[in-house]
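Engineer: Sequence:
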Amino acid sequence: MIYIYKIIRKQGFSNPTPIQAVSWPIALSGRNMVGIAQTGSGKTLAYMLPAILHINHQPRLLRYDGPIVLVLAPTRELAQQIQQVAVSFGTSTFVRNTCVFGGAPKGPQVDDLERGVEIVIATPGRLIDFLERNTTNLKRCTYLVLDEADRMLDMGFEPQIRKIIEQIRPDRQVLMWSATWPPEVKNLAEEFLDDYIQVNVGSLNLSANHNISQVVDVCDDFEKEQKLYALLTDIFSQPDNKTIIFVETKRSVDNIVKLVNRNG
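Residue 3 is where the sequence shown starts when you use the numbering used here, and the numbers rise one by one after that.
Derived from the structure by calculation, the hints contain no laboratory data.
Treat the hints with care, as some may be off.
As the list claims (entries may be wrong) - Capping the alpha-carbon separation at 30 Å, the derived lysine-lysine pairs in DSS-like fashion look like this: (1) 244 - 229; (2) 188 - 165; (3) 226 - 260; (4) 260 - 229; (5) 12 - 252; (6) 108 - 141; (7) 229 - 252; (8) 252 - 226.
Let the hints inform the model, and build the full structure from the sequences given.
Structural biologist: If you want it as C-alpha coordinates, here you go:
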(Lines of atoms letter the chains of each structure in order from A; the text may use other names.)
(Lines give C-alpha, C1' and ligand atoms only; values in the text may rest on other atoms or scores of the structure.)
Protein backbone atom coordinates (compact mmCIF):
# COMPACT_ATOMS: atom_id res chain seq x y z
CA MET A 3 0.00 0.00 0.00
CA ILE A 4 2.93 2.37 0.62
CA TYR A 5 3.96 2.41 -3.04
CA ILE A 6 0.37 3.27 -4.06
CA TYR A 7 0.40 6.16 -1.61
CA LYS A 8 3.66 7.39 -3.14
CA ILE A 9 2.17 7.20 -6.63
CA ILE A 10 -0.87 9.22 -5.56
CA ARG A 11 1.30 11.88 -3.96
CA LYS A 12 3.56 12.01 -7.02
CA GLN A 13 0.53 12.66 -9.23
CA GLY A 14 -0.42 15.65 -7.07
CA PHE A 15 -3.46 14.17 -5.30
CA SER A 16 -4.04 15.40 -1.76
CA ASN A 17 -7.51 14.04 -0.98
CA PRO A 18 -9.77 11.46 -2.63
CA THR A 19 -13.03 12.49 -4.24
CA PRO A 20 -16.23 11.30 -2.51
CA ILE A 21 -16.65 8.36 -4.90
CA GLN A 22 -13.01 7.32 -4.39
CA ALA A 23 -13.21 7.58 -0.60
CA VAL A 24 -16.24 5.28 -0.51
CA SER A 25 -15.27 2.92 -3.33
CA TRP A 26 -11.67 2.11 -2.46
CA PRO A 27 -12.42 0.17 0.76
CA ILE A 28 -15.18 -1.79 -1.00
CA ALA A 29 -13.07 -2.64 -4.04
CA LEU A 30 -10.02 -3.50 -1.94
CA SER A 31 -12.11 -5.90 0.15
CA GLY A 32 -12.89 -7.92 -2.99
CA ARG A 33 -16.60 -7.15 -3.01
CA ASN A 34 -18.67 -6.59 -6.14
CA MET A 35 -20.02 -3.07 -6.40
CA VAL A 36 -22.18 -0.74 -8.48
CA GLY A 37 -21.17 2.91 -8.58
CA ILE A 38 -23.66 5.52 -9.75
CA ALA A 39 -21.65 8.64 -10.49
CA GLN A 40 -21.35 11.29 -13.16
CA THR A 41 -18.39 11.84 -15.46
CA GLY A 42 -15.73 13.90 -13.71
CA SER A 43 -16.36 12.37 -10.29
CA GLY A 44 -13.04 10.53 -10.24
CA LYS A 45 -14.56 7.12 -10.89
CA THR A 46 -11.73 5.92 -13.15
CA LEU A 47 -9.20 6.14 -10.34
CA ALA A 48 -11.82 4.69 -7.99
CA TYR A 49 -11.47 1.36 -9.76
CA MET A 50 -7.96 1.64 -11.26
CA LEU A 51 -5.97 1.85 -8.00
CA PRO A 52 -7.67 -1.26 -6.52
CA ALA A 53 -7.08 -2.95 -9.88
CA ILE A 54 -3.33 -2.32 -9.64
CA LEU A 55 -3.22 -3.69 -6.09
CA HIS A 56 -5.26 -6.71 -7.22
CA ILE A 57 -2.76 -7.40 -10.01
CA ASN A 58 0.21 -7.23 -7.66
CA HIS A 59 -1.31 -10.00 -5.53
CA GLN A 60 -1.70 -12.40 -8.49
CA PRO A 61 0.83 -14.89 -9.93
CA ARG A 62 3.12 -13.43 -12.59
CA LEU A 63 1.58 -13.10 -16.04
CA LEU A 64 3.22 -15.15 -18.82
CA ARG A 65 3.34 -14.61 -22.57
CA TYR A 66 0.00 -15.39 -24.26
CA ASP A 67 -1.79 -15.23 -20.91
CA GLY A 68 -4.91 -13.13 -21.03
CA PRO A 69 -5.33 -10.06 -18.83
CA ILE A 70 -5.94 -10.08 -15.10
CA VAL A 71 -8.00 -6.89 -15.28
CA LEU A 72 -10.52 -6.13 -18.02
CA VAL A 73 -12.16 -2.72 -18.37
CA LEU A 74 -15.03 -2.46 -20.87
CA ALA A 75 -15.95 0.99 -22.19
CA PRO A 76 -18.50 2.11 -24.81
CA THR A 77 -16.25 4.27 -26.99
CA ARG A 78 -12.71 4.58 -28.24
CA GLU A 79 -12.37 8.02 -26.66
CA LEU A 80 -13.33 6.82 -23.17
CA ALA A 81 -11.11 3.74 -23.50
CA GLN A 82 -8.13 5.96 -24.33
CA GLN A 83 -8.88 8.26 -21.38
CA ILE A 84 -8.96 5.23 -19.07
CA GLN A 85 -5.65 4.04 -20.50
CA GLN A 86 -4.05 7.38 -19.62
CA VAL A 87 -4.96 6.78 -15.97
CA ALA A 88 -3.66 3.20 -16.16
CA VAL A 89 -0.35 4.46 -17.55
CA SER A 90 -0.03 7.26 -14.98
CA PHE A 91 -0.61 5.01 -11.98
CA GLY A 92 0.55 1.61 -13.22
CA THR A 93 3.89 2.24 -14.91
CA SER A 94 5.92 2.61 -11.71
CA THR A 95 4.63 -0.78 -10.53
CA PHE A 96 5.44 -2.41 -13.90
CA VAL A 97 1.77 -3.04 -14.65
CA ARG A 98 1.37 -3.24 -18.42
CA ASN A 99 -1.77 -2.28 -20.30
CA THR A 100 -3.19 -2.01 -23.79
CA CYS A 101 -6.19 -0.31 -25.33
CA VAL A 102 -8.31 -2.39 -27.72
CA PHE A 103 -10.88 -0.66 -29.92
CA GLY A 104 -12.27 -0.64 -33.44
CA GLY A 105 -11.35 1.82 -36.16
CA ALA A 106 -7.62 1.30 -35.61
CA PRO A 107 -5.05 -1.16 -37.01
CA LYS A 108 -5.23 -4.55 -35.29
CA GLY A 109 -1.50 -5.30 -35.55
CA PRO A 110 -0.20 -3.26 -32.58
CA GLN A 111 -3.13 -4.39 -30.43
CA VAL A 112 -2.46 -8.04 -31.31
CA ASP A 113 1.24 -7.64 -30.47
CA ASP A 114 0.40 -6.24 -27.02
CA LEU A 115 -2.10 -9.01 -26.28
CA GLU A 116 0.29 -11.78 -27.34
CA ARG A 117 3.16 -10.35 -25.27
CA GLY A 118 0.86 -10.32 -22.27
CA VAL A 119 -0.58 -7.32 -20.46
CA GLU A 120 -2.10 -7.17 -17.00
CA ILE A 121 -4.80 -4.64 -17.95
CA VAL A 122 -6.89 -4.61 -21.12
CA ILE A 123 -9.14 -1.62 -21.73
CA ALA A 124 -11.52 -2.47 -24.55
CA THR A 125 -14.66 -1.68 -26.45
CA PRO A 126 -16.89 -4.78 -26.58
CA GLY A 127 -16.94 -5.28 -30.36
CA ARG A 128 -13.17 -5.36 -30.93
CA LEU A 129 -12.59 -7.54 -27.86
CA ILE A 130 -15.14 -10.10 -29.10
CA ASP A 131 -13.29 -10.15 -32.43
CA PHE A 132 -9.98 -10.95 -30.71
CA LEU A 133 -11.56 -13.57 -28.45
CA GLU A 134 -13.12 -15.36 -31.42
CA ARG A 135 -9.76 -15.33 -33.23
CA ASN A 136 -8.05 -16.71 -30.08
CA THR A 137 -5.77 -13.69 -30.05
CA THR A 138 -6.39 -13.48 -26.31
CA ASN A 139 -8.45 -15.19 -23.63
CA LEU A 140 -10.03 -14.36 -20.30
CA LYS A 141 -8.87 -17.36 -18.27
CA ARG A 142 -6.73 -15.20 -15.98
CA CYS A 143 -9.27 -12.38 -15.66
CA THR A 144 -10.43 -11.95 -12.07
CA TYR A 145 -11.25 -8.22 -12.01
CA LEU A 146 -13.88 -6.87 -14.42
CA VAL A 147 -14.97 -3.25 -14.78
CA LEU A 148 -18.00 -2.12 -16.79
CA ASP A 149 -17.53 1.62 -17.24
CA GLU A 150 -20.53 3.68 -18.39
CA ALA A 151 -22.69 0.55 -18.39
CA ASP A 152 -25.83 2.54 -19.17
CA ARG A 153 -24.26 3.97 -22.31
CA MET A 154 -23.02 0.55 -23.45
CA LEU A 155 -26.56 -0.79 -23.16
CA ASP A 156 -27.96 2.23 -25.01
CA MET A 157 -25.50 1.52 -27.83
CA GLY A 158 -26.72 -2.08 -28.12
CA PHE A 159 -23.70 -3.81 -26.58
CA GLU A 160 -25.65 -6.04 -24.17
CA PRO A 161 -25.18 -9.26 -26.25
CA GLN A 162 -21.43 -8.63 -26.45
CA ILE A 163 -21.20 -7.86 -22.73
CA ARG A 164 -22.99 -11.09 -21.89
CA LYS A 165 -20.76 -13.09 -24.22
CA ILE A 166 -17.64 -11.60 -22.63
CA ILE A 167 -18.77 -12.14 -19.03
CA GLU A 168 -19.62 -15.77 -19.79
CA GLN A 169 -15.95 -16.37 -20.63
CA ILE A 170 -14.69 -15.00 -17.30
CA ARG A 171 -14.21 -17.32 -14.33
CA PRO A 172 -17.00 -17.33 -11.72
CA ASP A 173 -14.77 -16.15 -8.85
CA ARG A 174 -14.32 -12.77 -10.57
CA GLN A 175 -14.78 -9.41 -8.89
CA VAL A 176 -17.04 -7.06 -10.87
CA LEU A 177 -17.32 -3.28 -10.59
CA MET A 178 -20.09 -1.67 -12.63
CA TRP A 179 -20.21 2.08 -13.18
CA SER A 180 -23.11 4.07 -14.56
CA ALA A 181 -24.31 7.66 -14.64
CA THR A 182 -27.94 6.52 -14.39
CA TRP A 183 -29.80 3.58 -12.86
CA PRO A 184 -32.44 2.45 -15.38
CA PRO A 185 -34.08 -0.99 -15.14
CA GLU A 186 -31.80 -2.39 -17.86
CA VAL A 187 -28.66 -1.58 -15.88
CA LYS A 188 -30.19 -2.84 -12.64
CA ASN A 189 -31.20 -6.13 -14.28
CA LEU A 190 -27.67 -6.63 -15.63
CA ALA A 191 -26.22 -5.98 -12.18
CA GLU A 192 -28.65 -8.39 -10.53
CA GLU A 193 -27.70 -11.11 -13.01
CA PHE A 194 -23.91 -10.84 -12.97
CA LEU A 195 -22.93 -9.23 -9.64
CA ASP A 196 -23.42 -11.46 -6.60
CA ASP A 197 -24.07 -9.71 -3.29
CA TYR A 198 -22.97 -6.31 -4.60
CA ILE A 199 -22.74 -3.03 -2.72
CA GLN A 200 -24.29 0.00 -4.41
CA VAL A 201 -22.69 3.44 -4.04
CA ASN A 202 -24.57 6.55 -5.18
CA VAL A 203 -22.97 9.96 -5.61
CA GLY A 204 -25.75 12.48 -6.21
CA SER A 205 -29.40 11.77 -6.88
CA LEU A 206 -30.72 8.78 -8.80
CA ASN A 207 -33.74 10.82 -9.87
CA LEU A 208 -32.17 13.06 -12.46
CA SER A 209 -34.49 15.50 -14.25
CA ALA A 210 -34.12 18.27 -16.79
CA ASN A 211 -34.05 21.93 -15.75
CA HIS A 212 -37.32 23.34 -17.05
CA ASN A 213 -35.93 26.89 -17.00
CA ILE A 214 -33.65 26.04 -19.92
CA SER A 215 -35.03 26.37 -23.44
CA GLN A 216 -33.61 23.82 -25.89
CA VAL A 217 -33.27 24.45 -29.61
CA VAL A 218 -32.21 21.69 -32.00
CA ASP A 219 -30.73 22.86 -35.30
CA VAL A 220 -30.24 19.92 -37.67
CA CYS A 221 -27.58 20.65 -40.29
CA ASP A 222 -25.03 18.96 -42.52
CA ASP A 223 -21.42 18.61 -41.38
CA PHE A 224 -20.17 21.24 -43.80
CA GLU A 225 -22.60 23.79 -42.30
CA LYS A 226 -21.62 23.28 -38.67
CA GLU A 227 -18.61 25.58 -38.55
CA GLN A 228 -20.45 28.51 -40.13
CA LYS A 229 -23.53 28.03 -37.95
CA LEU A 230 -21.43 27.75 -34.80
CA TYR A 231 -19.52 30.91 -35.63
CA ALA A 232 -22.78 32.79 -36.27
CA LEU A 233 -24.22 31.54 -32.98
CA LEU A 234 -21.12 32.52 -31.01
CA THR A 235 -21.12 35.96 -32.63
CA ASP A 236 -24.71 36.45 -31.48
CA ILE A 237 -23.99 35.19 -27.95
CA PHE A 238 -20.95 37.40 -27.47
CA SER A 239 -22.67 40.50 -28.75
CA GLN A 240 -23.49 40.95 -25.06
CA PRO A 241 -20.18 41.45 -23.17
CA ASP A 242 -21.19 39.48 -20.05
CA ASN A 243 -22.44 36.39 -21.88
CA LYS A 244 -20.68 33.05 -21.43
CA THR A 245 -21.14 29.69 -23.12
CA ILE A 246 -20.09 26.05 -22.92
CA ILE A 247 -19.70 23.94 -26.07
CA PHE A 248 -20.00 20.17 -25.77
CA VAL A 249 -18.53 17.90 -28.45
CA GLU A 250 -18.02 14.17 -28.83
CA THR A 251 -14.25 13.85 -29.22
CA LYS A 252 -11.00 15.52 -28.17
CA ARG A 253 -10.23 16.18 -31.84
CA SER A 254 -13.47 18.17 -32.11
CA VAL A 255 -12.40 20.23 -29.10
CA ASP A 256 -9.12 21.09 -30.82
CA ASN A 257 -10.92 22.04 -34.04
CA ILE A 258 -13.34 24.36 -32.24
CA VAL A 259 -10.53 26.03 -30.30
CA LYS A 260 -8.80 26.74 -33.61
CA LEU A 261 -12.06 28.12 -35.05
CA VAL A 262 -12.61 30.46 -32.12
CA ASN A 263 -9.00 31.63 -32.04
CA ARG A 264 -8.94 32.15 -35.79
CA ASN A 265 -12.06 34.29 -35.78
CA GLY A 266 -11.39 36.16 -32.57
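Engineer: Please go over all the hints and tell whether each is borne out by the structure.
Structural biologist: How the hints compare with the structure:
1. 244 - 229: Satisfied, since the Cα-Cα distance of roughly 17 Å is no more than 30 Å.
2. 188 - 165: At roughly 18 Å apart (the allowed maximum being 30 Å), residue 165 and residue 188 satisfy the hint.
3. 226 - 260: Holds, because 14 Å separates the two Cα atoms, which is no more than 30 Å.
4. 260 - 229: Measuring from Cα to Cα gives roughly 15 Å; hence the hint holds.
5. 12 - 252: holds, 26 Å
6. 108 - 141: Cα-Cα ~22 Å, so holds.
7. 229 - 252: holds, 20 Å
8. 252 - 226: holds, 17 Å
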